[in-house]
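Undergrad: Input sequences plus hints: build the corresponding full structure.
In order, the protein sequence lines correspond to chains E and U.
In terms of the working numbering, the first sequence is numbered consecutively and its last residue is 1307.
In terms of the working numbering, the second sequence is numbered consecutively and its last residue is 1307.
Because the hints were derived from the structure by calculation, they are not lab data.
Since the structure is predicted, the reported quantities are computational estimates derived from the model, not experimental observations.
Hints should not be assumed to be uniformly reliable.
For chains that are exact copies, the list does not tell them apart, and a pair is met inside one copy or across any two.
[What the hints assert, rightly or not] Only pairs whose alpha carbons sit at most 25 Å apart, straight line, appear in this in silico SDA-like list of lysine to any residue:
no.	residue 1	residue 2
1	Lys1170	Asp1133
2	Lys1283	Leu999
3	Lys1283	Cys1082
4	Lys1117	Leu1224
5	Lys1283	Glu1156
6	Lys1042	Glu1019
7	Lys1117	Asp1093
8	Lys1170	Leu999
9	Lys1062	Asn1167
10	Lys1283	Asp996
11	Lys1117	Thr1236
12	Lys1283	Arg1241
13	Lys1042	Asp1284
14	Lys1062	Ala1239
15	Lys1283	Tyr991
16	Lys1283	Ala1154
17	Lys1042	Pro1137
18	Lys1283	Glu1019
Now for the letters of each chain:
2 protein chains.
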Amino acid sequence: MAVYTEVPDEALSQFVADYEIGALLSFKGIAEGVENTNYLVHAEAGNFILTLYEKRVNPADLPFFLELMEHLSGKGLTCPLPVRDRNGEALRTLCGRPAALMTFLDGLWVRRPGVEHCRALGGTLAAMHKAALDFPGQRRNALSVDDWRPIFAAVADRADTLQPGLAAEMEGELRFLETNWPKHLPTGIIHADLFPDNVFFLDTRVSGLIDFYFACRDALAYDIAVCLNAWCFEPDLSFNVTKARAMLTAYAGRRRLTGDEYDALPILARGAAMRFFVTRLYDWLNHPPGAFVRPKDPLEYARRLRFHRVVRSAAEYGLD
Amino acid sequence: MAVYTEVPDEALSQFVADYEIGALLSFKGIAEGVENTNYLVHAEAGNFILTLYEKRVNPADLPFFLELMEHLSGKGLTCPLPVRDRNGEALRTLCGRPAALMTFLDGLWVRRPGVEHCRALGGTLAAMHKAALDFPGQRRNALSVDDWRPIFAAVADRADTLQPGLAAEMEGELRFLETNWPKHLPTGIIHADLFPDNVFFLDTRVSGLIDFYFACRDALAYDIAVCLNAWCFEPDLSFNVTKARAMLTAYAGRRRLTGDEYDALPILARGAAMRFFVTRLYDWLNHPPGAFVRPKDPLEYARRLRFHRVVRSAAEYGLD
Chain E
988 MAVYTEVPDE
998 ALSQFVADYE
1008 IGALLSFKGI
1018 AEGVENTNYL
1028 VHAEAGNFIL
1038 TLYEKRVNPA
1048 DLPFFLELME
1058 HLSGKGLTCP
1068 LPVRDRNGEA
1078 LRTLCGRPAA
1088 LMTFLDGLWV
1098 RRPGVEHCRA
1108 LGGTLAAMHK
1118 AALDFPGQRR
1128 NALSVDDWRP
1138 IFAAVADRAD
1148 TLQPGLAAEM
1158 EGELRFLETN
1168 WPKHLPTGII
1178 HADLFPDNVF
1188 FLDTRVSGLI
1198 DFYFACRDAL
1208 AYDIAVCLNA
1218 WCFEPDLSFN
1228 VTKARAMLTA
1238 YAGRRRLTGD
1248 EYDALPILAR
1258 GAAMRFFVTR
1268 LYDWLNHPPG
1278 AFVRPKDPLE
1288 YARRLRFHRV
1298 VRSAAEYGLD
Chain U
988 MAVYTEVPDE
998 ALSQFVADYE
1008 IGALLSFKGI
1018 AEGVENTNYL
1028 VHAEAGNFIL
1038 TLYEKRVNPA
1048 DLPFFLELME
1058 HLSGKGLTCP
1068 LPVRDRNGEA
1078 LRTLCGRPAA
1088 LMTFLDGLWV
1098 RRPGVEHCRA
1108 LGGTLAAMHK
1118 AALDFPGQRR
1128 NALSVDDWRP
1138 IFAAVADRAD
1148 TLQPGLAAEM
1158 EGELRFLETN
1168 WPKHLPTGII
1178 HADLFPDNVF
1188 FLDTRVSGLI
1198 DFYFACRDAL
1208 AYDIAVCLNA
1218 WCFEPDLSFN
1228 VTKARAMLTA
1238 YAGRRRLTGD
1248 EYDALPILAR
1258 GAAMRFFVTR
1268 LYDWLNHPPG
1278 AFVRPKDPLE
1288 YARRLRFHRV
1298 VRSAAEYGLD
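TA: Shown next as structure tokens:
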């Protein structure tokens, strides 16, 4: 959580003047968002979010992300809608960074999701997958099965400092996943990072999805697998099958899973755990001392992965 | 700039339910405020700021600050107005910290104040001084002339690491200020920290004052001296007499300075520079490596102090 780029008031006033949102009334840096700088902009037309894209986002990907949000908004899915300036541009430059102004979404992200939150999430995830079916944009998943090994290899020699035997365990795990990863599942646009802090709720109703900056084209069921990891474990890392059942049943009620998807769910969940394990491990072992953002514990995902390793079928996730 | 205390959504929802501001729609941590944690709270009744008071604020002082803001608001001066809950309480507890909900002020703080900003500030400062004349609260200035030496003494042995000769220079300066500090100027409630980031503008009109957490009872002209330091030097630390004249003239147009105040202005300005010099020096030499907040350069205030040292009368600040 940090503001990486400080925008002077004069630069912001000039920037906002190019939009049809009335006079600028206030702007404040928001202490959320690990990757980018976000400002809350209050103008006569209401509240907006201004995002400045920092180094971890590839500028070439930004049109894909912004067009996807426009597409989903157009289909009635609530997500930030990029606002176009008087010249029709959604993607602009501010303080030397790519920048976009978005509509502000009401809602709170839930620190401890309950069963009803998981149920609502499942339905919304399926709705998002369906709404994006005719989205033409292309972006490969840059953090899929073939991308994990190079990240792991960069820090594997230090992995055992976290837990003895971790390097060998994950080496074997990577080999298993690379050999057995399903290749022919139904694909579409996935969010790929749908953690609780990216889903806003008003009570138990989903009021919006945010942060599409990992979105890509991949197996739709992989998105479900990410959510199984992110939403259905308790703080002590026990798996809550009631939450998983609610999520999966709500998803399947809106978009029927194929038999292949059903069968693949355990390995996809295992792979999703690996994806977050390797990036967290890398950040854990490479963060500069005194960095703004405290890295997240990679071992939490090692433990999730071990849970999925012994799951024999999606029935154990509560899906009939 | 940081959020020191993370408030869970459930705790915040419960907290907000005690106010007559409708349902909670959103809350976001704000990356501003060096001393406290601030959240932007969006509820059905509008935008609010929730402040959690961190360790540098003495809880015993909070009623003074909140009552002062209520008093000034009641007099028509725009500052955050503490909102009382259904039990009539403005000061409450959240996540183990003293906490208060305030009205949200529109406006931007100006990174590079111009002459018109300084003029508007002068008028508002005088209006604040007059509005607080009948405020009954008592709080001594904990950072006045007698408080500088102990702070300086704690780090004086390392001051020369910043600049050779600095310790001896400031030791002499302290002695001069302690001996010659004016004792019988008109007193009242002063803000004591009215830097540009604590003054909101819409265009060149002051839309509000914030951050009253150094406010106290002291010489009114000392507040002017703080503003001379904070508003009237250019980035290269040259003194802009046009800005000072605009500020002082606007102030005097609303509240006439006494002859003693006029005569005291150079030493007050010199003391105000010392006040920020010693606290910055202390923070500079004591901040933990990798701290969230980067300390500010104390030498900027040594240079301001040297400027004031050779000022012979308030006429050199542009005041006739």
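Undergrad: Can you name, in rising order, the numbers of the hints this structure does not satisfy?
TA: 4, 8, 9 and 12
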